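Taken in order, these protein sequences are the chains called R and E.
Counting from 1, one number per residue, gives the positions in the first sequence under the numbering used here.
Counting from 1, one number per residue, gives the positions in the second sequence under the numbering used here.
Simulated from the structure, these hints should not be mistaken for laboratory data.
Keep in mind that a hint or two might mislead.
[As the list claims (entries may be wrong)] Straight line, CA to CA, 25 Å or less: simulated SDA-like cross-link-like pairs of lysine to any residue:
#, chain 1, residue 1, chain 2, residue 2
1, E, 264, R, 212
2, R, 363, R, 221
3, E, 197, R, 264
4, R, 363, R, 257
5, E, 178, R, 221
Being a predicted model, the structure only gives us computed values, none of them experimental.
Chain by chain, the residues run as shown.
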Amino acid sequence: MNFSEVFKLSGLLCKFSPDGKYLASCVQYRLVVRDVNTLQIVQLYTCLDQIQHIEWSADSLFILCAMYKRGLVQVWSLEQPEWHCKIDEGSAGLVASCWSPDGRHILNTTEFHLRITVWSLCTKSVSYIKYPKACLQGTTFTRDGRYMALAERRDCKDYVSIFVCSDWQLLRHFDTDTQDLTGIEWAPNGCVLAVWDTCLEYKILLYSLDGRLLSAYSAYEWSLGIKSVAWSPSSQFLAVGSYDGKVRILNHVTWKMITEFEHPAAINNPKIVVYKEAEKSPQLGLGCLSFPPPRAGAGPLPTSESKYEIASVPVSLQTLKPVTDRANPKIGVGMLAFSPDSYFLATRNDNVPNAVWVWDIQKLRLFAVLEQLSPVRAFQWDPQQPRLAICTGGSRVYLWSPAGCLSVQVPGEGDFAVLSLCWHLSGDSMALLSKDHFCLCFLETEAAVGTACRQLSGHT
Amino acid sequence: MGDWMTVTDPENKTLSQHTSETKMSPSSLYSQQVLCSSIPLSKNVHSFFSAFCTEDNIEQSISYLDQELTTFGFPSLYEESKGKETKRELNIIAVLNCMNELLVLQRKNLLAQENVETQNLKLGSDMDHLQSCYSKLKEQLETSRREMIGLQERDRQLQCKNRNLHQLLKNEKDEVQKLQNIIASRATQYNHDMKRKEREYNKLKERLHQLVMNKKDKKIAMDILNYVGRADGKRGSWRTGKTEARNEDEMYKILLNDYEYRQKQILMENAELKKVLQQMKKEMISLLSPQKKKPRERVDDSTGTVISDVEEDAGELSRESIWDLSCETVREQLTNSIRKQWRILKSHVEKLDNQVSKVHLEGFNDEDVISRQDHEQETEKLELEIQQCKEMIKTQQQLLQQQLATACDDDTTSLLRDCYLLEEKERLKEEWSLFKEQKKNFERERRSFTEAAIRLGLERKAFEEERASWLKQQFLNMTTFDHQNSENVKLFSAFSGSSDQDNLTVHSRQPQKKPHSTSNGSPVCMSKLTKSLPASPSTSDFCQTRSCVSEHSSVNVLNITPEDIKPNQVGGECTNQKWSVASRPGSQEGCYSGCSLTYTNSHVEKDDLP
Numbered sequence: 001m002n003f004s005e006v007f008k009l010s011g012l013l014c015k016f017s018p019d020g021k022y023l024a025s026c027v028q029y030r031l032v033v034r035d036v037n038t039l040q041i042v043q044l045y046t047c048l049d050q051i052q053h054i055e056w057s058a059d060s061l062f063i064l065c066a067m068y069k070r071g072l073v074q075v076w077s078l079e080q081p082e083w084h085c086k087i088d089e090g091s092a093g094l095v096a097s098c099w100s101p102d103g104r105h106i107l108n109t110t111e112f113h114l115r116i117t118v119w120s121l122c123t124k125s126v127s128y129i130k131y132p133k134a135c136l137q138g139t140t141f142t143r144d145g146r147y148m149a150l151a152e153r154r155d156c157k158d159y160v161s162i163f164v165c166s167d168w169q170l171l172r173h174f175d176t177d178t179q180d181l182t183g184i185e186w187a188p189n190g191c192v193l194a195v196w197d198t199c200l201e202y203k204i205l206l207y208s209l210d211g212r213l214l215s216a217y218s219a220y221e222w223s224l225g226i227k228s229v230a231w232s233p234s235s236q237f238l239a240v241g242s243y244d245g246k247v248r249i250l251n252h253v254t255w256k257m258i259t260e261f262e263h264p265a266a267i268n269n270p271k272i273v274v275y276k277e278a279e280k281s282p283q284l285g286l287g288c289l290s291f292p293p294p295r296a297g298a299g300p301l302p303t304s305e306s307k308y309e310i311a312s313v314p315v316s317l318q319t320l321k322p323v324t325d326r327a328n329p330k331i332g333v334g335m336l337a338f339s340p341d342s343y344f345l346a347t348r349n350d351n352v353p354n355a356v357w358v359w360d361i362q363k364l365r366l367f368a369v370l371e372q373l374s375p376v377r378a379f380q381w382d383p384q385q386p387r388l389a390i391c392t393g394g395s396r397v398y399l400w401s402p403a404g405c406l407s408v409q410v411p412g413e414g415d416f417a418v419l420s421l422c423w424h425l426s427g428d429s430m431a432l433l434s435k436d437h438f439c440l441c442f443l444e445t446e447a448a449v450g451t452a453c454r455q456l457s458g459h460t
Numbered sequence: 001m002g003d004w005m006t007v008t009d010p011e012n013k014t015l016s017q018h019t020s021e022t023k024m025s026p027s028s029l030y031s032q033q034v035l036c037s038s039i040p041l042s043k044n045v046h047s048f049f050s051a052f053c054t055e056d057n058i059e060q061s062i063s064y065l066d067q068e069l070t071t072f073g074f075p076s077l078y079e080e081s082k083g084k085e086t087k088r089e090l091n092i093i094a095v096l097n098c099m100n101e102l103l104v105l106q107r108k109n110l111l112a113q114e115n116v117e118t119q120n121l122k123l124g125s126d127m128d129h130l131q132s133c134y135s136k137l138k139e140q141l142e143t144s145r146r147e148m149i150g151l152q153e154r155d156r157q158l159q160c161k162n163r164n165l166h167q168l169l170k171n172e173k174d175e176v177q178k179l180q181n182i183i184a185s186r187a188t189q190y191n192h193d194m195k196r197k198e199r200e201y202n203k204l205k206e207r208l209h210q211l212v213m214n215k216k217d218k219k220i221a222m223d224i225l226n227y228v229g230r231a232d233g234k235r236g237s238w239r240t241g242k243t244e245a246r247n248e249d250e251m252y253k254i255l256l257n258d259y260e261y262r263q264k265q266i267l268m269e270n271a272e273l274k275k276v277l278q279q280m281k282k283e284m285i286s287l288l289s290p291q292k293k294k295p296r297e298r299v300d301d302s303t304g305t306v307i308s309d310v311e312e313d314a315g316e317l318s319r320e321s322i323w324d325l326s327c328e329t330v331r332e333q334l335t336n337s338i339r340k341q342w343r344i345l346k347s348h349v350e351k352l353d354n355q356v357s358k359v360h361l362e363g364f365n366d367e368d369v370i371s372r373q374d375h376e377q378e379t380e381k382l383e384l385e386i387q388q389c390k391e392m393i394k395t396q397q398q399l400l401q402q403q404l405a406t407a408c409d410d411d412t413t414s415l416l417r418d419c420y421l422l423e424e425k426e427r428l429k430e431e432w433s434l435f436k437e438q439k440k441n442f443e444r445e446r447r448s449f450t451e452a453a454i455r456l457g458l459e460r461k462a463f464e465e466e467r468a469s470w471l472k473q474q475f476l477n478m479t480t481f482d483h484q485n486s487e488n489v490k491l492f493s494a495f496s497g498s499s500d501q502d503n504l505t506v507h508s509r510q511p512q513k514k515p516h517s518t519s520n521g522s523p524v525c526m527s528k529l530t531k532s533l534p535a536s537p538s539t540s541d542f543c544q545t546r547s548c549v550s551e552h553s554s555v556n557v558l559n560i561t562p563e564d565i566k567p568n569q570v571g572g573e574c575t576n577q578k579w580s581v582a583s584r585p586g587s588q589e590g591c592y593s594g595c596s597l598t599y600t601n602s603h604v605e606k607d608d609l610p
């Protein structure tokens with residue numbers, strides 16, 4: 001495993017281009033585009049203000065940089081550096097900006113969710129979509145980019161509009177049986193839309209592309225409901241994480257629950273491997289040699305070394321006592337992610353913030369549990385294989401695969417607190433982001449990684 | 001508890017006092033009585049001895065004592081006087097006897113008293129014991145009562161608690177209900193407020209939108225260098241009804257594609273499953289068919305047929321075209337056959353399981369159990385051994401016989417012969433002694449018989465004489481007898497003619513007024529007859545006895561040849577013997593046969609004896 005040198009970054013704005021060739025990162029008002037392989041700067045753009053949001057177009061030709069404070073969006077072309085485009089939302093303000101899947105339209109949401117403005121880069125046309133709902137996830141595009149579903153609110157009722165992205169024609173418009181719609185999400189196959197209600201009520205509705213209600217599911221009443229939803233890449237399963245600390249898996253045939261994954265604080269089943277991160281004082285020549293710093297001798301030795309230990313069951317995990325008199329209590333399953341092959345599901349229960357549960361979807365049971373020393377900030381699956389990268393806001397990045405677990409110290413001057421990470425398309429590298437810096441982590445070929453994993457698991 | 005104690009204590013005291021009194025009273029009374037009775041008595045005695053009798057009043061005292069004693073049933077102290085006026089004299093012996101008896105009585109009384117006292121003591125102690133038991137039990141009762149009350153109290157408290165808890169539960173339930181209602185009402189209120197706010201918000205938004213839009217904000221604009229081409233290279237098309245329809249088409253196409261894809265997947269899955277089923281079936285058939293062939297009797301006929309038609313099915317299904325058939329047609333066939341197959345397999349596996357478990361059980365029950373094969377081997381071995389042993393015995397026998405057949409040595413043969421002779425002699429001797437003994441027995445019997453015969457003859461003779469005398473007397477008294485008697489006389493005359501048959505007829509003709517006299521009775525009768533021969537009313541009796549005799553004699557006649565009887569009759573002494581024989585009518589025949597046997601034996605003996 002190799003690490004690139006550390007580059008400057010602001011606002012955690014660092015993104016790989018969808019074709020995997022380039023890496024865009026922001027430093028204040030500058031947008032830097034690098035070649036992924038050489039890390040040489042390919043282009044450097046200067047925006048009018050501090051960039052708050054960047055997004056690659058689907059064809060990797062354009063990058064939009066949103067400056068919400070000024071209500072501005074600037075678009076840059078990678079092919080034509082001299083080409084420029086500036087969209088000003090004026091007094092309407094701007095709270096969100098995104099590309100349409102075709103990469104030729106930009107959807108800007110104005111302040112107070114007054115409307116969504118659709119700007120075309122091909123023609124001078126501007127479209128407005130009224131009554132967008134101010135919610136967590138109000139717009140969603142199908143994977144093939146043909147359709148967009150939009151949550152709307154009119155006359156105190158929730159609606160969903162389905163647009164054809166090619167000409168922004170309204171295809172379907174239907175009201176949903178929800179109190180206060182919170183999120184919508186297309187299934188990866190683009191034929192089923194999951195709609196879930198506010199956390200006050202456990203309700204998830206499934207609509208067909210043509211607006212038919214396929215099914216509605218509710219696990220319980222009265223208590224706080226759905227917190228997170230994730231489709232499996234195969235569109236076979238819909239995982240619903242809720243405030244009761246359970247993940248319910250619905251199937252795509254009957255849309256009924258197949259199984260329920262509880263997240264108990266105590267693990268008694270001896271079949272489940274519990275990896276526990278343990279910190280220990282460094283032993284010279286052991287941890288460092290396997291991960292030599294890129295700049296020889298420059299990086300100081302890490303103050304401490306962490307490794308995984310296989311805890312013997314029964315294991316009781318550290319739990320947070322949730323504060324019940326505050327809104328948005330830290331309980332329930334807040335993070336859900338299927339592995340790209342749909343074989344595994346990684347979850348985090350928010351009142352056990354240090355642990356990541358990995359579930360075996362084939363056998364529908366718990367597979368492994370990783371308990372970190374500090375709360376898990378983010379995790380992301382390798383797009384190519386069942387390999388999970390986890391960061392906890394410390395100077396380490398953690399990798400899990402069915403073969404084992406490893407923790408890697410990020411070399412560099414000072415403490416590189418990894419707050420977020422994103423995988424490269426190929427799964428060969430990932431970007432590790434801290435508050436002010438980012439670096440790339442190159443993973444060796446699969447075989448090498450496999451052996452490393454094995455060695456490490458054997459070591460622990 | 002303290003209260004109870006204070007309450008009970010006096011009671012106990014009084015009770016114990018009372019009981020002690022009651023306990024004491026009988027014994028004390030008794031003792032008092034005893035004392036009263038004994039001490040004054042002794043005193044009296046003393047005073048009596050000191051004052052009662054003096055030299056002056058000896059006479060009075062003696063008379064007084066005599067009176068007293070006689071009233072108590074003792075014999076008088078005075079000698080029995082012959083004359084009334086004579087002065088009675090003191091009978092020293094009587095006095096002494098009286099004294100002795102009195103002493104004895106005294107001792108007895110003392111003993112009795114002692115016994116009574118000990119008994120009294122025993123009873124007293126028993127009483128005490130019972131008393132203590134009683135008090136203990138009372139205490140126990142009290143404590144248990146107290147306990148019961150305590151428990152009742154507890155029970156009551158618990159019930160109270162339970163009631164309270166029930167009440168609480170009910171309250172809680174009510175509370176829950178109330179809270180739920182509150183939540184619901186609040187939720188509706190909240191929703192209502194939300195809606196109101198949202199409406200206001202929407203109004204504001206609308207207003208803002210109008211403001212923003214109407215202002216003709218110059219700033220809202222896109223500053224672009226040049227428009228870029230569409231990603232697909234096409235030009236944007238106008239939005240028309242046509243495009244709408246196209247979009248619809250497209251959407252349905254997508255949906256259709258999705259469904260087709262899913263159907264294809266399901267078909268594939270189905271095919272896969274069918275394949276698996278097919279394979280499973282084949283394997284099952286292959287697994288089950290050899291078993292069917294081998295132990296034909298083990299597999300039932302039904303299963304056999306199932307297998308056979310399953311095989312037919314398999315033959316049908318093995319054709320490739322089966323996959324092209326729709327599910328409905330194949331499904332039933334396949335599932336049914338599989339089900340059948342599965343049932344067979346299941347039963348088979350269960351059977352095997354049972355066997356295995358049985359074996360396991362046996363194995364666990366005793367370790368040194370012998371397997372069937374071993375057992376068979378063992379038995380075979382044993383049989384072989386038996387065979388060998390038999391052969392050996394046979395050869396030994398043969399050898400022995402050969403040895404016996406061929407005269408080995410003269411000495412040995414002579415010795416052997418001697419041995420045999422000796423043995424024979426011994427045996428003969430034994431037989432001889434046995435024989436002798438038998439002979440002796442027979443001799444004895446013969447003697448006894450001859451004696452009996454002699455006796456019989458004698459008796460007969462006596463009887464004849466008696467009869468003669470009786471007849472004579474009858475003849476003498478003929479004149480006084482009536483007509484009936486004359487008939488009797490006639491009969492008797494006939495009897496005297498010594499024809500036994502006639503006698504029998506007489507006997508049958510005569511009315512049987514009395515039962516047959518017993519053997520014991522008959523001699524008495526005879527003696528009576530002999531004694532009181534002159535008495536007339538006993539004639540009938542006599543007749544009967546005589547008939548009895550005649551009967552026995554007839555029996556005698558029947559069994560024994562007349563020649564045998566004749567000498568007896570001649571002897572005239574065999575009557576006695578006859579009576580004794582008559583006493584055991586059942587054993588007559590055996591006796592006589594034994595007689596005849598003795599005779600024959602004696603004859604044989606005579607022959608044998610040189």
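- prompt: Taking only the CA atoms, is the gap from residue 264(E) to residue 212(R) under or equal to 25 Å?
  reply: Measuring from Cα to Cα gives roughly 23 Å; hence the hint holds.
- prompt: CA of residue 363(R) to CA of residue 221(R), is that 25 Å or under?
  reply: violated (29 Å)
task: With a cut-off of 25 Å on the C-alpha distance, tell me whether residue 178(E) and residue 221(R) pass.
output: holds (17 Å)
message: residue 197(E) and residue 264(R) were given as a pair; does the straight-line alpha-carbon distance stay at or below 25 Å?
response: violated (40 Å)
Straight-line alpha-carbon gap residue 363(R) to residue 257(R), limit 25 Å: holds (15 Å)
Consistency note: the structure conflicts with the earlier hints numbered 2 and 3.
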